[in-house]
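Same order as they appear, the protein sequences are chains P, H, V and B.
Under the working numbering, the residues of the first sequence are numbered 5 to 466, in order.
Under the working numbering, the residues of the second sequence are numbered 5 to 466, in order.
Under the working numbering, the residues of the third sequence are numbered 5 to 466, in order.
Under the working numbering, the residues of the fourth sequence are numbered 5 to 466, in order.
Take every hint as true, because none was put in to throw you off.
You can't tell identical chains apart in this list, so a pair holds if it fits in one copy or across any two.
Cut-off 30 Å, straight-line C-alpha distance, at most; resulting in silico cross-link-like pairs (DSBU-like, lysine-lysine): (1) Lys-150 to Lys-176; (2) Lys-243 to Lys-125; (3) Lys-329 to Lys-70; (4) Lys-340 to Lys-70; (5) Lys-128 to Lys-150; (6) Lys-351 to Lys-368; (7) Lys-150 to Lys-125; (8) Lys-128 to Lys-148; (9) Lys-176 to Lys-329; (10) Lys-329 to Lys-178; (11) Lys-176 to Lys-125; (12) Lys-176 to Lys-70; (13) Lys-176 to Lys-148; (14) Lys-148 to Lys-125; (15) Lys-340 to Lys-371; (16) Lys-148 to Lys-243; (17) Lys-447 to Lys-418.
Quick caveat, the hints were computed from the structure, so don't treat them as lab data.
Computed from a predicted model, the values in this text were never measured in an experiment.
Protein chains: 4
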Amino acid sequence: MLDKFKDECGIFGIKPHPEAANMAYLGLYALQHRGQEAAGVVSESDGVLTCSKGQGLVSDVFTREKLQRLRGDSAIGHVRYSTAGSNRIENAQPILITCQHGQIAVAHNGNLVNAMEMRRKLEKIGSIFNTDSDSEVLLHLIAKSKQETLEDAIIEALNQVEGAYSCVFHTKDKLIAVRDPRGFRPLMLGTLGESTVFASETCAFDLLDAQFQRELEPGEMVVVNRRGMRRSMKPFEEKPIRQCIFEHIYFARPDGFMFGEHTQRYREQLGAKLAEENPLEADYVIPVPDSGVSAALGYARASGIPFAFGLIRNHYVGRTFIEPKQSIRHFGVKIKLNPVRHLFEGKRVVLVDDSLVRGTTSRKIVKMVRNCGATEVHMRISAPPTTHPCYYGIDTPTRGELIASSHSIDEIRKYIEADSLEYISIQGMLDCLNNSSPESYCKACFTGDYVIPFPHQAGASV
Amino acid sequence: MLDKFKDECGIFGIKPHPEAANMAYLGLYALQHRGQEAAGVVSESDGVLTCSKGQGLVSDVFTREKLQRLRGDSAIGHVRYSTAGSNRIENAQPILITCQHGQIAVAHNGNLVNAMEMRRKLEKIGSIFNTDSDSEVLLHLIAKSKQETLEDAIIEALNQVEGAYSCVFHTKDKLIAVRDPRGFRPLMLGTLGESTVFASETCAFDLLDAQFQRELEPGEMVVVNRRGMRRSMKPFEEKPIRQCIFEHIYFARPDGFMFGEHTQRYREQLGAKLAEENPLEADYVIPVPDSGVSAALGYARASGIPFAFGLIRNHYVGRTFIEPKQSIRHFGVKIKLNPVRHLFEGKRVVLVDDSLVRGTTSRKIVKMVRNCGATEVHMRISAPPTTHPCYYGIDTPTRGELIASSHSIDEIRKYIEADSLEYISIQGMLDCLNNSSPESYCKACFTGDYVIPFPHQAGASV
Amino acid sequence: MLDKFKDECGIFGIKPHPEAANMAYLGLYALQHRGQEAAGVVSESDGVLTCSKGQGLVSDVFTREKLQRLRGDSAIGHVRYSTAGSNRIENAQPILITCQHGQIAVAHNGNLVNAMEMRRKLEKIGSIFNTDSDSEVLLHLIAKSKQETLEDAIIEALNQVEGAYSCVFHTKDKLIAVRDPRGFRPLMLGTLGESTVFASETCAFDLLDAQFQRELEPGEMVVVNRRGMRRSMKPFEEKPIRQCIFEHIYFARPDGFMFGEHTQRYREQLGAKLAEENPLEADYVIPVPDSGVSAALGYARASGIPFAFGLIRNHYVGRTFIEPKQSIRHFGVKIKLNPVRHLFEGKRVVLVDDSLVRGTTSRKIVKMVRNCGATEVHMRISAPPTTHPCYYGIDTPTRGELIASSHSIDEIRKYIEADSLEYISIQGMLDCLNNSSPESYCKACFTGDYVIPFPHQAGASV
Amino acid sequence: MLDKFKDECGIFGIKPHPEAANMAYLGLYALQHRGQEAAGVVSESDGVLTCSKGQGLVSDVFTREKLQRLRGDSAIGHVRYSTAGSNRIENAQPILITCQHGQIAVAHNGNLVNAMEMRRKLEKIGSIFNTDSDSEVLLHLIAKSKQETLEDAIIEALNQVEGAYSCVFHTKDKLIAVRDPRGFRPLMLGTLGESTVFASETCAFDLLDAQFQRELEPGEMVVVNRRGMRRSMKPFEEKPIRQCIFEHIYFARPDGFMFGEHTQRYREQLGAKLAEENPLEADYVIPVPDSGVSAALGYARASGIPFAFGLIRNHYVGRTFIEPKQSIRHFGVKIKLNPVRHLFEGKRVVLVDDSLVRGTTSRKIVKMVRNCGATEVHMRISAPPTTHPCYYGIDTPTRGELIASSHSIDEIRKYIEADSLEYISIQGMLDCLNNSSPESYCKACFTGDYVIPFPHQAGASV
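Chain P on its own, in the form it takes in the complex:
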């Protein structure tokens, strides 16, 4: 799939470690797929927190010099995407502020659904806002708390917000990781020698040689103190778990483990199920790279149709590509994908992708493939139709832009000009889960069954 969704955010934390900022840099590097627009690290040295952040990829934002200035044995980090309207450097995270409890920094993944409502309330009593981010609301609530300890202040603040949050807080002497009671977003706990490490995905541990220990449980808070002692607590009211199934389908890196499932295996099973649900005769199964590859492989195995890399991705795609004035057919797609032309000549092909959002990209790919001589082009999507926007941390388009919210599958098929189009069923998607319960997932983007009512759509801090 070709960047049809903006990725959400990735967060990281480590304490204590002699090279804390360097480790945060590496961790963010491994989490880069979760956000390419901005990156930041806050480290602590002698009780003073220092922040460095910027727009762009982790390797562009941080120079050796900048990393060296982030001294100390404790650090948190964040990668984020930013929507067109708000790619202000101010919105980059971690956010570092000072309040009566001292300095606090936070790296937040998720979206608080009552953020706008809380913000209005806070503004009414005179609060000022420097960013568009819902995470700033959280910091205001912490600052306003009369609790004696910062931990208690954080708990009090989190009890006032509703929605999705996996956060790592950094105070002058502690790292505090927390996952909301419904567990929308992932958060992993690892160890590296004496150090505790937190990360959105296990791939960050792999790169650091850290040991993955376990996922934070929904509603769990883990506090690491200056000496590295780790305490766990469950300070929130228990709620039904609603982990994001779209992480499995699209966001997470395939080489990871999340919510009890091995990501790549789950995707292959989705592909296999897709093949079972709608059998078909064809010459090749062709993945839309990169994220459709696992499902396509599963599809091919289950169907017995040969798998082929018919679409080659250009690995040098830069963000500031200069377009020619003259029209080139399917230019936007071709700059990223190129077909292996001869493969399609006279062949019936099944294209497997992991999502279909607006339909515009799929339409271009189908046409491109037909131009190469394919006689039949079948599109298979390893997710159910995306009919509803996400309010819990994924930057889906608005409902109006989601083609499946207003069109039947056959209408979409016609639009993308495919010979057939099938999505996996919701039940099929759930049947593929191996170790986790279907009830423990949020499927609102496919069902519209939002577990938390939302007043308005808040500016998401994903």
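Given the structure of chain P, go ahead and fit chains H, V and B onto it with the hints provided.
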């Protein structure tokens, strides 16, 4: 004088003007001498304020593309220095925030002496701070105000702070310029056709072809509305005026008019008075460029001793100069100044400078001049001894670093190895004023007679 | 395979086209995999050639502004790698010079084996050299030619050199593409409306919507004049054809057609042959991405062993990665590849790669995979052992660094700590060719059977 | 004067010195006024020359990292301007080439008048040219020389060219500095401990703590070998000396010594002579900064009219200033100069400048000053009318652009709208020389009396 003080800040505002952001860019460019570390502009278009700022010179921070994004017919701007410890981009101005009164941006020149005290109070009731800047306190107070109009909220906020402030506020539909009741820092009012323009110094008007109208009076607030209508008011309790005499001596550009005086003329008169107070025989009067030039010219005229440009300034001084490992004598000074060697051979010279802060630079200059063969080196300073730090917006060193706070003039003379050293007297400095009253000036840095008591030294937003 | 070889160069030319430089930019972008260290374009407007080049990726080197300055309806371009010792900007291409025949620019892919010898001769008669590149020799020979026309001068010059060259020359009114008589390096001819396009690989045509027409034949020269008329000639003595088989195995993009073969199909067949030559029982076939993927797929199909993406490539690898001080196991590999850990647990795996040069990377990958719990790790290489360096345009290491030049397969197996190691046989590799004759290929890197003797190794202009 | 001429070049060399490249960096920094468009350094380590150059100011071109790569104990450097049409990086110097004599680098100041003629000859025998620079001709001639030693080859080459050259050559083991027999351009010899230093002006020695020893004599060649031994020779036929008097008037830094004169003193004398030649009554003498300052001071002293800094230069002028769309009167001048407005009110002023080339800038300044209320504006030029272009290394406009070549003084006066306009007489200019003979100077730009006939105007390598 060679950057012995960090410059303070410069502010600018214009409304309405079809090229508001471009005009702000030009205005800041003309005010560049007031701050070289960061620059920023906020413009307003369709009721939405947009901010662009960065570290470095105005011409480095703003590209054509960045300026084009600052649309609308109204803009404010700011140039600032930053002290070593806090050159964080977060501290750059204008600061743009959102609160119950909507978006507000401020460009502030000055220092609020009770900022730290107010900040502690605000933190206690749960406020969060994103910067080290005292200007943020001001925005919190405005946000907390229950006044109906933003103007009244600003007035209420300013009535709670003590100290020095010349500010231009930008709201979604107004520009509000204000100068504190004591008038520490300058603020000028000009017009450019139908537009109202505010700037720290008149040179900004010259570059824009704007007409200088008058200085804002101490305690005056001028409001410009969307259609360009201008209202003036005096909403604060009247207080004794205390304009900064150091602006005349050092900060302001010589080609300007401020506090009723022509800057260059005043400096020449200081030089002349210096010559009268301590007559001397010598072969040449030599300015320490650039800021000592006017006083030296006045000195030469009054004393009859020939004026000579014996020290040449290097105009290409960059901020990231790479030093050699091997020691070069007086390297730090030589990279900026080079003597006209033959001029000094066997001659008695009077060096005229406008200040002597730590004495280290003067010491290097005296040595450098002696190395060229000067037989007598006399140092003359066109200001009285700087014995006390400034708390009203100038980044003087701490008292301990001010050599005149703990050493007699003769001790300083010995330290800098001059044959003689004289400062202008405080009375002499005041006698040189032509159109303004000596009582209307703050001379605290020379007398320690601080008009406002200060609880602690706050992080100055100069 | 992970950048074990430096890629060689990519060349491009177009004439006439109203957006010639933009098309060259796009073409180079599609050829980026052939060289990431420098890129350049020369365009012609009103008979004057203008050059713009720089170090880095195409999208970094060219800004909109730079492209706009490359006016005219005719352009050539070049991407190159550069060896550590000579990544001087001077060596970037195209090289643009002036001589008695006027301005000439050249983009050259290949290596002239007698370049150093010719250079010594030229130096002896007083020539000066600005680069380390063998291409400069070619320009000297052209400049010295007494032929009346530039075409004849180019022919005369090329008749004096030996080795590999696919070149596009740009003169004030012509584009001249030429491929050496042995045809070592590829060169494709396409059309885009009235325009003639030349490119190293067909993928450049795909991106531009140009039609691939045919490959230039070994020894063919094609001249495009101002009006777009195209003439072909064969001005060189015919020689046995020796196309580089390593293009098929490793360099070329899989979505292309070259030397009569479809690249991806050939690679899959290599994988299949590899499976046939050395049958094996295992649980998974796992490609070393990205270039080992096609062969692994072919291997899996032929062997019936399931294919799995067990190694995930990080797509954000930057060139200036900041390493931590603390040692991380297999860091250099892990920053690029991460294993899907659970897949390996208790499994017997076959890793398929397309080459094994020094063995150090393979050794790290084998260890990484064993750390994930693999019980058996078999390495299969879809090329024969690389025993000899290339002198015809590929930057292989020196013979001493090629592990297969001095070690038996079993010794290599021990070094990389694999349970087994097999390479495809030379005969097997040739048997996989579908449309081209085994005799028409250069296999010197596997056999040491160099078709052209070389005096010394020249500085290659690949 | 405001950059009416492009500056010429500055050259530097040092050998042996443990920090040779750092010293070259500093030396070029001191010579920055001689060329702001490009800078470069070549250093030698273990017999290998390495070059680093780029476009922009010395402090922009060189980073710490780049300087560190320039290892070794020997270096040369160059700063240059570039005319609009040819600011190609290829034209930056030093030029480093390889030829039969090994590697040679040259930093050249001056212009070879027969360069184009020699280039045509060289092209005819097959030479290729990579730059537009006349210096490349020199390198070709050296490369072609059959002399045994490189010194002799250089002598042979220089004997074939005509014109202006001060050069420092760097070979694998020697530094060779040479000044043409007529001595058009300056070249200074200094020592720094055991090191020999060459520089265009003495200010480079001042910054390095090097001792100025003497000027190279016209026609002198100085060779420094690996151990630092220095030999001097005079290998060229003696010719009448023609040092550039315009260096005294405009180019050279005032704090230097050149051609036997102290630059600042000479300029003051020009000003005094100007006053004597055309007495006048006025209220103020006002310099056009920066280069008109010394002459204005001399004028004021001689005339008894008070000197005043009526025009203030903006020190932050960047090269990429963004202009507003709306017209601002005299914008181009105002961005650089601002008048001290009150000074001019009702006053008669004499503006003293050191040259008047096209008249456009003077015209703007006169208008700007009149707008401030000056009742009379008299312009005085401390040089004779510039009637002829320079072919010996100064980038004067073409003859058609030199207003004095086709207009009488009164016509120019009318054009610039001054009340009077006077230039110093040629005799007056010569009378001001103290230690050097009027015959030893080239005054061709004032007289048209060119000492060397020139075939066509060559692309100057100044």
